[in-house]
Structure formats: structure tokens, C-alpha cells
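Q: Protein chains in written order, with the working numbering: chain F, 1 to 358; chain H, 359 to 1451.
Worth flagging that the hints you see were computed from the coordinates, not collected in a lab.
The beta-carbon is built from N, C-alpha and C at its ideal position, and this holds for glycine as well.
Only true hints are included.
Derived pair list, reagent style DSSO-like, types lysine-lysine, alpha-carbon separation capped at 30 Å:
| # | chain 1 | residue 1 | chain 2 | residue 2 |
| --- | --- | --- | --- | --- |
| 1 | F | Lys130 | H | Lys708 |
| 2 | H | Lys779 | H | Lys803 |
| 3 | H | Lys822 | F | Lys20 |
| 4 | H | Lys1193 | H | Lys1254 |
| 5 | F | Lys198 | H | Lys505 |
| 6 | F | Lys5 | H | Lys895 |
| 7 | F | Lys5 | H | Lys850 |
| 8 | F | Lys5 | H | Lys858 |
| 9 | F | Lys20 | H | Lys850 |
| 10 | F | Lys113 | H | Lys858 |
| 11 | F | Lys269 | F | Lys165 |
| 12 | H | Lys1329 | H | Lys1319 |
| 13 | F | Lys175 | H | Lys631 |
| 14 | H | Lys576 | H | Lys631 |
| 15 | F | Lys198 | F | Lys329 |
| 16 | H | Lys631 | F | Lys198 |
| 17 | F | Lys3 | H | Lys858 |
| 18 | F | Lys3 | H | Lys895 |
| 19 | H | Lys937 | F | Lys130 |
Here are some, though not all, of the chain F residues that point toward chain H, as calculated from beta-carbon distances under 10 Å:
| # | residue |
| --- | --- |
| 20 | Phe17 |
| 21 | Phe34 |
| 22 | Pro60 |
| 23 | Tyr65 |
| 24 | Asp94 |
| 25 | Tyr99 |
| 26 | Ala104 |
| 27 | Thr125 |
| 28 | Thr129 |
| 29 | Glu134 |
| 30 | Arg275 |
| 31 | Gln279 |
| 32 | Gly343 |
| 33 | Pro344 |
| 34 | Asp346 |
A partial selection of chain F residues facing chain H, derived with a Cβ cut-off under 7 Å:
| # | residue |
| --- | --- |
| 35 | Asn64 |
| 36 | Asp98 |
| 37 | Lys130 |
| 38 | Ser276 |
| 39 | Asn287 |
| 40 | Cys289 |
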Amino acid sequence: MRKDKPARLILENGVVFHGKSFGSDKSNSGEVVFNTAMVGYPESLTDPSYEGQILTITYPIIGNYGVPPNSMTNGISDFFESERIHVNGLIVSDYSHDYSHWNAERSLSDWLKEEGIPAIYDIDTRALTKELRENGSMLGKIIIDNETEDSIDYYDPSQENLVAKVSCKEIIEYKNGKKKVVLVDCGVKHNIIRHLLKKNIHLIRVPWDYNFNSIEYDGLFISNGAGNPEYCQITVDNVVRAMNKNKPIFGICMGNQLLAMAAGAKTYKLKYGHRSHNQPVRRVGENRCYITSQNHGYAVDASLLNNEWEPYFENMNDGTNEGIKHKTKPFSSVQFHPEAASGPTDTEFLFQDFIDML
Amino acid sequence: MTTIDRPNQNGLSYSRSDIKKVLLLGSGALKIGEAGEFDYSGSQALKALKEEGIETILINPNIATVQTSEGSADKIYFLPITPYFVEKVIKKEQPDGIMLAFGGQTALNCGVKLFEAGTLEKHNVQVLGTSVQTIMATEDRDLFVKKLNQIDVKTIQSVATNTLAESLKAAETLGYPIIVRAAYSLGGLGSGFCNNPEELKMLAEKAFSYSDQLLIEKSLKGWKEIEYEVVRDQYDNCITVCNMENFDPLGIHTGESIVVAPSQTLTNSEFNKLRSLAIQIVRHLGIVGECNVQYALDTDSEDYRVIEVNARLSRSSALASKATGYPLAFVAAKLGLGYGLFDLKNSVTKSTSAFFEPALDYVVVKIPRWDLGKFSGVTKEIGSSMKSVGEIMAIGRTFEEAIQKGLRMIGQGMHGFVENKELKIKDIDKALREPTDERIFVISKAFRVGYTIDQIHDLTKIDKWFLYKLHNILETAEIIEALQPHDVDLSKSENIVFDKYLRIAKKQGFSDFQIARALWKEDMPDDGSELIRTYRKSLNILPVVKQIDTLAAEYPAQTNYLYLTYNGTENDVHYLGDKKSVIVLGSGAYRIGSSVEFDWCSVNALTTVRKEGYRSVMINYNPETVSTDYDMCDRLYFDELTFERVMDIVELENPHGVILSVGGQIPNNLAVRLDNYGVNILGTQANKIDNAENRHKFSSMLDDLGIDQPRWKELTSLSDIQGFVEEVGYPVLVRPSYVLSGAAMNVCSNDEELRNFLQLAADISSKYPVVVSEFVENAKEIEFDAVANKGEIVTYAISEHVEFAGVHSGDATIQFPPQRLYVETARKVKKVAQKIARALEISGPFNIQFLAKENQIRVIECNLRASRSIPFVSKVLKINFIELATKVMLGMDVEKPHKNAFDLDHVGIKASQFSFSRLQHADPVLGVDMASTGEVGCLGDNFDEALLTAMLSVGHTIPKKNVLFSTGPAKSKAELLETARMLHQKGYNLFATGGSQKFLVDNDVPATLVYWPNEEKSPNTIELLQQKKIDLVVNIPKNLTPSELRNGYKIRRTSIDFNVPLITNTRLARAYIQSFCNMSVDDIAIKSWDEYH
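Generate coordinates for the entire structure from the input sequences, incorporating the hints supplied.
A: Laid out in C-alpha cells, this is it:
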């Protein structure tokens, strides 16, 4: 029988959940969020959008298929969404100590330990999720073993520019075709890069605050990212200037929020965000609906868009904005993740739509 | 892979407003491969239509179903689901549309035939939802492969063949091992694996008798088997509601596999690759509604094959509905009417959209329930063809918890994965390699004797993840077993080591009993599990209640769909403790002897409870049922019906009371224990139930009341038995309490049979006594179903078996009202029943079985609960016995209905459905142990009409020309003489074996002699059957010499294997043959239920 150390999650409202540790022995803190996806923990943990967050997975049995190799091809991870784990902690109900999969190289526990990320199992994740749903996302700490509660402070990721933290630090080029696309990296998931490179383009990945208007390009792509979009005013200003060029612009998630801000709208924080593989969206004014993968805590208030813009998609559950588009120009963006990884791939066609406009 | 964004031009060709009247086809009697799941899907579809104000017509002869209840459809026809009868109903009713997807393969096949014959077009009937062309593209293998090739989706390389020679050639090209499937068949009928040409020859011959086309495929044994349930609307919006993974790898029919949902061993990439493919396939095929896609997935790469697509609701879709809370059939029906998914709401949250994919925060495990022990001679191996008769679904938050719950739920005496009675297996390697119905317990055994996970994986190909999890259970068991007595003192307030493992064990789904047995082993006290219960409650180790809300708690949902788990700290439900709940205990897994009839009873009890102002609470775990539809009650606990779990729920609910008399024997068995714990049992009291259940108490009560019963004795040695036999004479009915193999009871006619049965089949000792009863020959068997209130009968129904006593009442053909019973006998029956009702102070439903011979009646059994025949008599009489019974149990005064059976102008016949064709090698003979898997109930203006309709409904076809007689003992030969003459006069050709032929010819009935199977002469019975020259076989077993038995068996088995109708009972043969000689099919009136008054 295993002797896993006790560990506990303490929420800022004082609620404590007791469980057992299966990750690093290092206590840690962050914003506690939940995701209802039933597969894809390696992808989620390495998704830069989770920077600074403690992730609760509502599917109770996690670790089943281990973790694939951390190999890279041409600077892009083969199986992960970035170079490292971005979450500050992981919370599950039942951890599978033994895994089984042909492509697994090690256990989830070993990986978390290597990367110094604490993790707890044996937690009533449904009770925790309801707590977060009712009170909104909260700050929390994972305390391992008999360390005291005060051994670490709460950490509030919204007090920090996370995009600056997860964006690339210099320009990276991937030459795979003639058409040039600038990819603004606000914490880009590798699957976005993989998708674009599949379309045979010359991709220029630039840091979030880089003035890309100095580059000659055929299209502009604004990536997903982490945290509060309001930290990215520089990027918004750059996008406003880019619009004058009339070259195609497409954005995903944070990219949607930044484009919306450039179009005059504002963003706001959702009570507990959308993090799942089953978010239904509808193309506004049409009978076309899609199941999408989502991971965002902020949303666009589309009512504030200037009259050159219109909503593109909307969420069928809560009516929130899921994308915007320019009425006449080739500018559009979506709040969900057409690149998936993890999640359903139903909206993958949006990449082709973008490429077709170049 | 590219996703399609341009809507396919696969919309519907009709508009919703054109559809005012819809015909829905049911699936008929429950059979292996087609069971209660279609009552659930049909009921949901009818509900969806009703909500739209559409007039509904239902054809389904299965009278025990919920869908054939008053108010579910506007018109109900208890007629066979065959093109002939469906066309007649169409002509009469002139519906605008027909729904084919809700009645299993039976409805689908019938619909395809009607379409091909042009019947639907002729009568302007629109097929709603998926078009017949699409259905055909999924059913015809060649077409299917072509279709999927068009979009580069990989299918299993398969060759369609129409002859044996073609099949052999195809197999040669593909390379053995191969798998053979019969096209257009239910649940893999006629399918199997072949390792060489000889095996193929044998299988193909049989399979061609079911289907004109065979599919020869390369076997992918050992690959993972994964399924997706897909929904598509006419606007091309598409979702996958659930995926499922088989615990047993490819090679075992999905109906025979343990299945988990969602998949457990798939990565995101695999999960979504197969998901996208499923959507692509469904769009390309143009499904509108629901559909299931099955895959084989390689265990070493992402390589896959599509196994098949079912363009209809299926067992898997019923399971997926229950697993997720997403009502697939209801939504499919709405989509068939032309709605878009975006028009519909999520019926659990009631606020979010139906266009979404459920997120589960629990795991479900489905386990099949087999009843192979009920059949003599049947092969126990499980494989590519279905044999299970029911299934259960267990919900937990660890796999260990769910599977252990599930292994208890299947109700085969197991307590979980461990702490069961030790299994005796000669060759564990073989038992792992060649799976039987006991496979999972073989794994448990293998662990115990030291097999490693790798070894078991190599032998079974079961993914190691599942084996690791099972091993976790074993580890915990071994730790508890190893605790020393001084480690555990339950009188102390804590035992640090034990408490720790007690908690772990509960999280892994251990029952209190398992823990007690692990702790005390053979010294376990009788109240061991209660001791554990009390102790763990003192430590506050209690299960919590969780909701199934489709969105993993993302949105608040007032869902009443619940389960219990030890993997949690907080209840989702806040209990009011207002004593306004009434808990109804359901029937558990369908099995031979307990199926949809108890679901009907449960649903009616729930409805009545609700109507009378109580909160209706259901406990049941059978995913094929309507009672586990969360719409049917105020709270549904999808959980175990064990004493432990029921008490857990009672303690949470604090109910007004518990109803345990409508779910069959499982809840009934809990009466005494629940009563001991102070639970308020509604209706007849527990000690009275015990007085009826306990053979000794019941018998002495009958003696006191001066009521006759067949003489019987409980005996513990062979010499005692022989002594008793000398007293009462042969034949005797022998019921061992411990059965080694084969049937649980038997009729023995002489010393030799008695000795054989007792030596081969049973253990006798003081621990395992044998009950021997006098067996009355040529006696009528009478069923008395009734409801009593404080001992006074409120309403009753007397029905009569067509067969003489000796055929289990669940297999017998039953007529109601009785057609050949003396009025005097009926009066006596009622009097005796009233005496018993008073003596037992019955309040609620009950059933008594009587033997009647020459106006003398004897009681053979009494059950203080609803019986199998309650829905049948309720519907024929149009008095809802369960509604009355429930009112009585709620303490209300009920008025006696003014109607009784003597007022009826019509007759009801309940006939049994057998599934012998799926049970290879089983002897299709009827006896004292039940063998049928389902039943139908049909109405007629006279006996012949009702009987003929019922026989056609269970799959008989009126013979065209040739009838084979092999009529056994002299007495049955004589009894069937006039019947044979009738056939001859009707122009039938009679064929008969030796003695039967001589007897017929001697009595001036011409008959051609055919030789016994063991006589190597032509014309031989077997040869005629194989050549399909015989249209009906009447074979009456003689039960004498081994060679006669073998010969008889061969004739019976060959009839089944070659799909030739077979009757093995003299009385039924006579009644059936007379019915089709007296009238033709054309004479059967096409009358709906409400046209019978």
C-alpha cells in the first residue's frame, strides 16, 4: 500500500479540502479553477493559458494513460501545448498510480514531481467545483504534509501581466511556405502553430508587445493567452494600427478579447469562466452550431463593439460572446479554441477560412 | 482530417406541420439481443410525440411493457411486428409518418421490408428521421464499406458472400482467423470466429439459415473496442453524447462485454480522432436522429477500423442515456420531426441547450447478466454472439467502486470482485484465454494464486489499466485479511490501522459484507455485516449522494438523478426529513424469470405514489428500464438493491415507507431484514411475507386452514428421499438447495433418473437439504393474481395455463379469462385465495399458483408480491392492479372495481418467447425451470384468434406444407392424433419418426416415415431440417433411454439452428395447430386495445 503524504487545499474563503499528495512536495498557491473535460490532462497542464492557476479536473479518475514523451520537433512540442507545465497545482478525485498506454513515457505523478508542481488526489472535486461555481473562482493554496498554512502566501495571478510571462521573448520564424503570417504570441498553444504550419505558410511568431506593423505580412494571427487582457494595451494598440492595412486578421481566445478591445469593446471577468470540451456555440443568426473546447476566465462584452463589427458566434448555454467579425473587412476572432488540443476539433475549418483569405 | 462546415444536403424531405399521426413500431417480446432497452426508447419517443400533440399509434405485442400502457400511445395494437400486420394497421389508421428506429432490429427490419415492397409509398407514409436508404447503407455491408471508402474512413476488410464456396474463398484470401457475421441479424446472431475451413463450414451452414448474406472479415481480436453515440439534426448539427470503452477487447460482442463510460484508456488525441470520425461518418450517411458507431482501436498506435454503424436506438444508446442523463430517444424523436438540436433544451438542467456533449464526473460500468446455468448443454464461452439476458449499470467515482457495485448488482451470488465463494477452476490459463460468463472472477482467482498483471494481460488482452484497478481491490482485501484479531476490536471507538483500510475499502466499493468476510473469514458471525455497518457509522464513514447533472456541476441543476459514493464529502441533496417520500424498490437486472413486467409494476407504483401526493423515490440499477428514467419519479437513486444500500438511502430519505412488492423477488427478499431495522414496509407485513416465503411456515399454515397442497418433504439423504418417494410415488419434483450444474430443479420419474440427477447435479447433506414434492401429472395449473386490503380481496384475476403443470409458469402459455375451467373450480380457487389472504393479512398485490385436477385444487406457491402476469391481466381486464395495490399500501380505502373477468367478450393469451437460437447447444425443451426470455400478450374475440396472434408474435410462422411429428410417449401420440388428422385434412404433408409414423398410419392419417438422426438412412430428420423442407416440428420429449434423448435433442437443436419453428408440448401443439386450421391469418381482426371492451 502506498504511503502518500497528506495534502490540503485551502481556499481564500477558509474552506479546506483534505487529500493526499501525488505531485511535488513543494506547497504552492494560485487561482483555483475547474475544467470539466474528460480527457487531455497533458495538454491542459501545458496550456499557457493556465499560468498561475490551480486546476481542478472534474472528471474523477486521472492519470490513466500516463504522460507522453516531452520531445520537440523544430521547436514545437510533439505532444504538449508548450515547453512546460503552466498550472501551479493540480486537484483530482482519484489518481491512477498505474498507467497504461503505448505512448506513455512516465506517470503523471513523476512528471509533476520533475516540474515541481504539487498535486492532490482524494478530494471531493464535485464539492469543490460547486464551491467555485457558487462563489466564483477563488485564490487557494496547496499545502503539503504538515507544513503550516502560513508557510506560503496566496497568489493572485490577476495582479500580474501573465502574457508577458508566457509569451516568447524574441521572434521565432517557421519557414514553411510563401505567405507570411505574423503570430502574436500571448502564450500560444503549440497546436495553433502546428495547424498554421500544416497550411504551408511562413510563420513569424513575435512577442506579445512586439510592434509587428514593421513587418510585411499577408495575415495577422493573435493567439490565446493567459490572464487579464487589460494588461495587453500595447498589443491592442498594435492591432488598431494593423487594421488600417486591411490584411486578414484572426484571433483565438485572448486574441478575440484583444481584437474586440481594438474594435472598441471591453472585456469583463466571468464568475468562474468556461473551461471544458463541451461548450456549444452558435453562428449568430444561423442554424449552425458547434461543440468547442474552451478555456477562458474573461469574456467580451459585444454590446460595446462599434457599428462596423458584429458578433460572430455566441454561447448557447449562457449567451456570452464567442467571437466577433468585421462587417466588411477580413477581421474576425473566436473566443473558443478551434485548434482544440485538448478537445473537439469541429471548428478546425476556421484555420482554412483564414488561410483562404490570405 | 478536415472538418466539414458546409451542411450536407441530407435534410428532411417533409415538414413538421405535415405530420399529424405517427405509427411507432416496438420490438415485440424480450429476447436475447433485444430487451427492455426498446421499451425505454419507445416510451421516450411516444412522450416526445405526445408533447407535440401528434396522434400516436403503437404496434407491440409485448403486453408487459410500459409503452403499451394506457395513455402512452393513443392507439395500441398487440399484434406481431411483421410487414403483413403492420400494413394492415397502416391501411386502417392511415398514419402520416412511421418511426422505425425505436424498436430495435425487429422494427428496423420490418420497416426496410415495407419500404422495399413499396407499401409505405403506396399508403403515403413518411419514414421519420433517418431515411430507409441510409438505414440500408448501414445494414448492407458492401454498401456500407463503399460509403465509408468515399470519405476515406477505414472499415474492417470484409467480403460479402452468398454461398459456402464463396465464403471459403474469401476466408482463404483474408487469412484465418476470420469472423463471420450474418447480415441483417440481431445482436450478432449467426456470428462467430473461425480458425480454419472446417469451423467456417459449420458456422456458415447455420448462418445462412438466418440470412442470405454472410460477411467474412479478418479478425482483429485483442484490439480495443470503442463506441460513440452520435446525434445529428437535419441542419447537419452533430454531437457525440457519450463514448464507451469495452473492458473486454474485441472478440467479445459488446452486449457480452463489461463496458465503461466514458472511455478510460484513451488519450485526448485518440478520443477526439474517433469522435471526429464518428461525426464525419454520420454526416456522410445522412443520419437524422441517433446512431451508434463502433470502432476497433489498435493498442499500439492510433490505427482504427469502423466495425459497424447502427442507424437506430440500441442497447448502447439506452446505456448512454442512463450513463449521461441525455435522453437520446426523446431527442431523436424530436429531430425526426424536423427540430434542430438548438431548438431543444437540456432536459436535466432545463436551462442550457440540448446541443452539447455531457461531461461526466463519475464513471459507469455496465456488466451483462447471463443465465446460462438455466440451460442444459449450453456452451459457457462468450464471444461474438450475444447470450446475456440482461445488464446492470453501476455508478461510482472510482473504477473500483463502480465495478464492485456492479458485480453485486448482477445478482449471481457475488459480493464484489473479492470475498466470494471460492471458484473452482481446473485450468486458469484456459479460463483466462477463452472467456466464459465467469471471466472477471477468474481474474480474481488468478490474482489470488499469484498471476501477475502482465500474465493476465497476455492471456486476456484486457488493458492493463483495468487490471491494475482490479488489483487495487485485491490488495485492500489482502491487507484486511492479514489484520490480526487484536488489531480490530469493534467495541473500541477506533482501531487506527483497520479504520484506515476500512475507509479505503469503502472508496473501492467494498460492501460491509465483504469487509466482514475479509476480517473474520470463515468465522464471520451471522451479523458480521451489521457489525461493520454499526462500527463504520460510529466513525462517520458514510456514503454521500451525488447528482448526475450532465455538466459536471458547471451549472446549477435541480436534477433528481442520483447515486451514492464513498468518494466524496458532501451530499448534493438537502433532505427535508418530512416523511413525505415513498421509496419503491425496483427489479434489478433482467434475468430469466424477472424482467420488464416488474418494470411496468414499478412505474405504475411510482405514478400512483406521486398522484397521491407523496414524493416518489425509485431505487434501481437496470439501464434497460423505464423506471430508471428520471422523469418517472421525484428522485431516482441509480444504485444497489442490497440491504446495505437500501438502508443507506432510507436513513437519508427518512421516508414515509418502502414498497417492496412490485419489483419481483429481489426487493421481496429484503423484507425481514428491513423490518428488523425498523423500516416501515408498506403493505403486507414482513413476518407475513416470511410466512409465505418460508416453505415450512407456509405449509403448516395451509394445513391449519385445511387447504390442500402437494405432499413434500425437506430431506438430507438419498435413502430418506427414496423412503418419501415410496410414500407418494413417482414422478416427484426435486429441488436441491445447492446446485452443482445444470437446472436447479427437475422432475424424476424413476429411481434411475432420481439417482442420476442427485449424483450429477446436486450435493445433498444436512447443510444442503433437498426438497422433494409429489408431482401431479395431467393437472391444470391456475394463476390467481389479486390485490387485497387488510386481508380482503379487492380485485382478482384467474388465468389458466394451456400446458399441463410441469411447464414453469414463466414458460407456459396463459389464457385469461380461462376458457376451459369449471365454474366450480374457479369458485374454489377464489375461496381458498380469500382464506390465505385473510390468514396472511395481505395488503397489496399477491399471486397464488394452484393445481387443479378433476375439480380438486391444491396450492403450490404463494407470493406476496406482484407476479409476472400482473401487467397481462391488468391490461386484458383493464383494471390496473398495481394502481389499486399501491393505493392500498398507502393506506387508502379502495372501492372494488365493478368489472370482472366473466364480463369480458374477449380472450387474452400470454405466450412465451424463447431465445434458444442464441444459446448454442442448449436443449430447447421446457420443464420445471424457466427458460423463456420474454413474452407477448395478444387479444382476440376467441381463443383461436388470440392464440394464433400470440404464436405469430413470438416468431412462429404458419407452416406452408410440411409438418414433422415426433410425438414421444404413447399418451401424447394419442393426444395429438386428431390434431394430425386435422393437418392432413387441411392438405398438409405429415412426416413422422418411427413410432409416431406407425401410430398415425394405423389410425388412418397418412404420414411419410423419416429416420431418426442416429439412423443413417434417408429421408433423415436432420437432412430434411437442414434442407428447410420442414415448416414446423412437433417434438415431444420422451425422457427415457439415452439414445431417444439424444435423438430428440438432435431434432430439437437442429430445428432451432436452422430456424424451423418447434413445439415441444402436446397441449400447446394441439391448441396452436387447431388455431391455424380453424382460421386463417386473414381472419385475425386488426383491432386496437381500446376496441376490446
